[in-house]
Amino acid sequence: DGGITQSPKYLFRKEGQNVTLSCEQNLNHDAMYWYRQDPGQGLRLIYYSQIVNDFQKGDIAEGYSVSREKKESFPLTVTSAQKNPTAFYLCASSSAASGGGEQYFGPGTRLTVT
Amino acid sequence: GQQLNQSPQSMFIQEGEDVSMNCTSSSIFNTWLWYKQDPGEGPVLLIALYKAGELTSNGRLTAQFGITRKDSFLNISASIPSDVGIYFCAGHPLTQGGSEKLVFGKGTKLTVNP
Chain A
1 DGGITQSPKY
11 LFRKEGQNVT
21 LSCEQNLNHD
31 AMYWYRQDPG
41 QGLRLIYYSQ
51 IVNDFQKGDI
61 AEGYSVSREK
71 KESFPLTVTS
81 AQKNPTAFYL
91 CASSSAASGG
101 GEQYFGPGTR
111 LTVT
Chain B
1001 GQQLNQSPQS
1011 MFIQEGEDVS
1021 MNCTSSSIFN
1031 TWLWYKQDPG
1041 EGPVLLIALY
1051 KAGELTSNGR
1061 LTAQFGITRK
1071 DSFLNISASI
1081 PSDVGIYFCA
1091 GHPLTQGGSE
1101 KLVFGKGTKL
1111 TVNP
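These protein sequence lines are chains A and B, in that order.
When we follow this note's numbering, the leftmost residue of the first sequence carries the number 1, and every step to the right adds one.
When we follow this note's numbering, the leftmost residue of the second sequence carries the number 1001, and every step to the right adds one.
FYI, nobody ran anything at the bench for these hints, they're computed from the structure.
Any given hint could turn out to be false.
[Unchecked claim] Below 20 Å or equal to it, Euclidean Cα-Cα: the simulated DMTMM-like pairs (lysine to aspartate or glutamate) are: (1) K1106/B <-> D30/A; (2) K1101/B <-> D54/A; (3) K1101/B <-> D59/A; (4) K71/A <-> E102/A; (5) K1101/B <-> E62/A; (6) K9/A <-> D1038/B; (7) K1101/B <-> E102/A; (8) K1106/B <-> D59/A; (9) K9/A <-> D38/A; (10) K1101/B <-> E15/A; (11) K9/A <-> E1041/B; (12) K70/A <-> D59/A; (13) K1109/B <-> D1083/B; (14) K1109/B <-> D1071/B; (15) K83/A <-> E62/A; (16) K1101/B <-> E72/A; (17) K1106/B <-> E102/A; (18) K1070/B <-> E24/A; (19) K1106/B <-> D1038/B; (20) K1109/B <-> E1017/B; (21) K71/A <-> E24/A; (22) K1051/B <-> D38/A; (23) K83/A <-> D38/A; (24) K1109/B <-> D38/A; (25) K70/A <-> E24/A.
So that you can see chain A by itself, here it is in the shape it has in the complex (with noise of 0.2 Å):
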């Protein structure tokens, strides 16, 4: 079966933790995006890679990182510098033949700081 899978469903951390989100995808896509959606908003763009080993900041970056070692992976770091944490998490990934659009998402990872 060919998808997204983001582990895990539901993530608790106490404050001042770094915490790592997984996304791992098998449909051969060379675009990865993580959004992050916030109760009653749309999504919102925290990075995206086209291409392994490259990577660019979206609208809210800001006390996030990530990485881009390998294609089917595309793991992201809620540092501690990230003031409001708390969210649900959405991985997606999309071919290069798409030309940006149909983007296909993962179930989702609901982080939970406190």
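On the provided structure of chain A, position chain B as indicated by the hints.
Chain B in isolation, oriented as in the chain A frame:
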């Protein structure tokens, strides 16, 4: 940055009724996508549109790419309880010069009363 105006924000309808929602922008888009998100899950792609004037159906769902390339609408016919969820429009702006970033609307929350 780019913005999409999605309306209505929420809809409460009776089972069997038809539903219509739309997205508008002040700038031209190359691609329009419609997603559905169930609570606690990632968005699922419903329909992708790539040409101005294009009308595409997926079961009871029909979406159109506006002639001006600045708007799109989604219709759901004969709604059923499982249509409940949040519907997002998204688009790939013409002005992004090859970037794969999508712009998202804030969503239309649909409630269907049996």
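Quick rundown of the hints versus the structure:
1. For the suggested pair K1106/B and D30/A, the alpha carbons sit about 27 Å apart, so the restraint of at most 20 Å is broken.
2. The suggested pairing of K1101/B with D54/A holds, with an alpha-carbon distance near 15 Å, which does not exceed 20 Å.
3. Simply put, K1101/B and D59/A have alpha-carbon atoms about 10 Å apart, close enough for the 20 Å limit, and the pair holds.
4. For a cut-off of 20 Å, the pair hint linking K71/A to E102/A stands: about 18 Å separates their Cα positions.
5. Simply put, K1101/B and E62/A have alpha-carbon atoms about 18 Å apart, close enough for the 20 Å limit, and the pair holds.
6. A threshold of 20 Å between alpha carbons decides the hint, and for K9/A with D1038/B the separation of about 15 Å falls inside it, so the pair holds.
7. This hinted pair checks out: K1101/B and E102/A have alpha carbons roughly 11 Å apart, not beyond 20 Å.
8. Proximity of K1106/B to D59/A is assessed by CA-CA distance (about 15 Å); at most 20 Å being required, the pair is judged to hold.
9. At roughly 16 Å between alpha-carbon atoms, K9/A and D38/A fall within 20 Å of each other, so this suggested pair holds.
10. Of the pairs offered as hints, the one joining K1101/B and E15/A is violated, with about 31 Å between alpha carbons and a cut-off of 20 Å exceeded.
11. Annotation: proposed proximity of K9/A to E1041/B holds, straight-line Cα distance about 10 Å (limit 20 Å).
12. With a C-alpha separation of about 24 Å, the suggested pair K70/A and D59/A falls outside the 20 Å cut-off, and the hint is violated.
13. Proximity of K1109/B to D1083/B is assessed by CA-CA distance (about 10 Å); at most 20 Å being required, the pair is judged to hold.
14. Between K1109/B and D1071/B the alpha-carbon distance is near 19 Å, which keeps this suggested pair within the 20 Å criterion.
15. Note on K83/A and E62/A: the hinted pairing holds, with a Cα-Cα distance of about 9 Å set against a maximum of 20 Å.
16. Our distance criterion of 20 Å between C-alpha atoms is met by K1101/B and E72/A, whose separation comes to about 19 Å.
17. About 18 Å separates the Cα atoms of K1106/B and E102/A, which keeps this hinted pair within 20 Å; it holds.
18. For the proposed pair K1070/B and E24/A, the alpha carbon gap of about 34 Å is over 20 Å, so the pair is violated.
19. For the proposed pair K1106/B and D1038/B, the alpha carbon gap of about 15 Å is at most 20 Å, so the pair holds.
20. Under the criterion of a C-alpha separation no larger than 20 Å, the hint pairing K1109/B with E1017/B is consistent with the structure, at around 15 Å.
21. Distance hint between K71/A and E24/A is fulfilled; the C-alpha atoms sit about 9 Å from each other, no more than 20 Å.
22. For the suggested pair K1051/B and D38/A, the alpha carbons sit about 32 Å apart, so the restraint of at most 20 Å is broken.
23. For the hint pairing K83/A with D38/A, the CA-to-CA distance comes to about 14 Å; that is within 20 Å, so the pair holds.
24. A threshold of 20 Å between alpha carbons decides the hint, and for K1109/B with D38/A the separation of about 14 Å falls inside it, so the pair holds.
25. For the given pair, K70/A sits about 10 Å from E24/A by alpha-carbon distance, which is consistent with the 20 Å threshold.
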